[in-house]
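**Student:** Sequence:
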Amino acid sequence: MWRSLFLAVGIMMIILGVECLLIDSAAVYKAGKASSAAFADSTMPQAAQIKIWQPAEWLPWGLLSGGTVVVLYAVNLPKRWGQSPAE
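Using our numbering, the letters of the sequence shown correspond one by one to residues 16 to 102.
Here are the simulated distance ranges between beta carbons:
| no. | residue 1 | residue 2 | range |
| --- | --- | --- | --- |
| 1 | S40 | L20 | 25 to 33 Å |
| 2 | L31 | K66 | 15 to 23 Å |
| 3 | I65 | V90 | 39 to 47 Å |
| 4 | I65 | L37 | 19 to 27 Å |
| 5 | E72 | S19 | 26 to 34 Å |
| 6 | L22 | V43 | 26 to 34 Å |
| 7 | V33 | K66 | 21 to 29 Å |
| 8 | Y88 | Q64 | 34 to 42 Å |
| 9 | A41 | L87 | 27 to 35 Å |
| 10 | Q69 | M27 | 16 to 24 Å |
| 11 | K94 | Q64 | 49 to 57 Å |
| 12 | I65 | L87 | 35 to 43 Å |
These are computed hints drawn from the structure, not numbers from a lab. Just so you know, even glycine gets a beta-carbon here, dropped at the ideal spot from N, CA and C.
Construct all of the structure, not just a fragment, from the sequences and the given hints.
**Tutor:** In structure tokens, the structure reads:
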């Protein structure tokens, strides 16, 4: 169970690191309250606010290296907790 947990966390860190390498910025939409009149009249202002997120320069490399270390740790865990790796 621990092996699969660490493996999943490590793979997610690697995927997020690759995604952060590929994007320059991400637009995050904040949920707002919309009225029924806003659906009928398209000239009304939008209810949602946009926040632009730019990953720091070190973030993708940190996620990639951390994920790699966690995956290597998961591979080296013994198959059953409490047993020696030679068995």
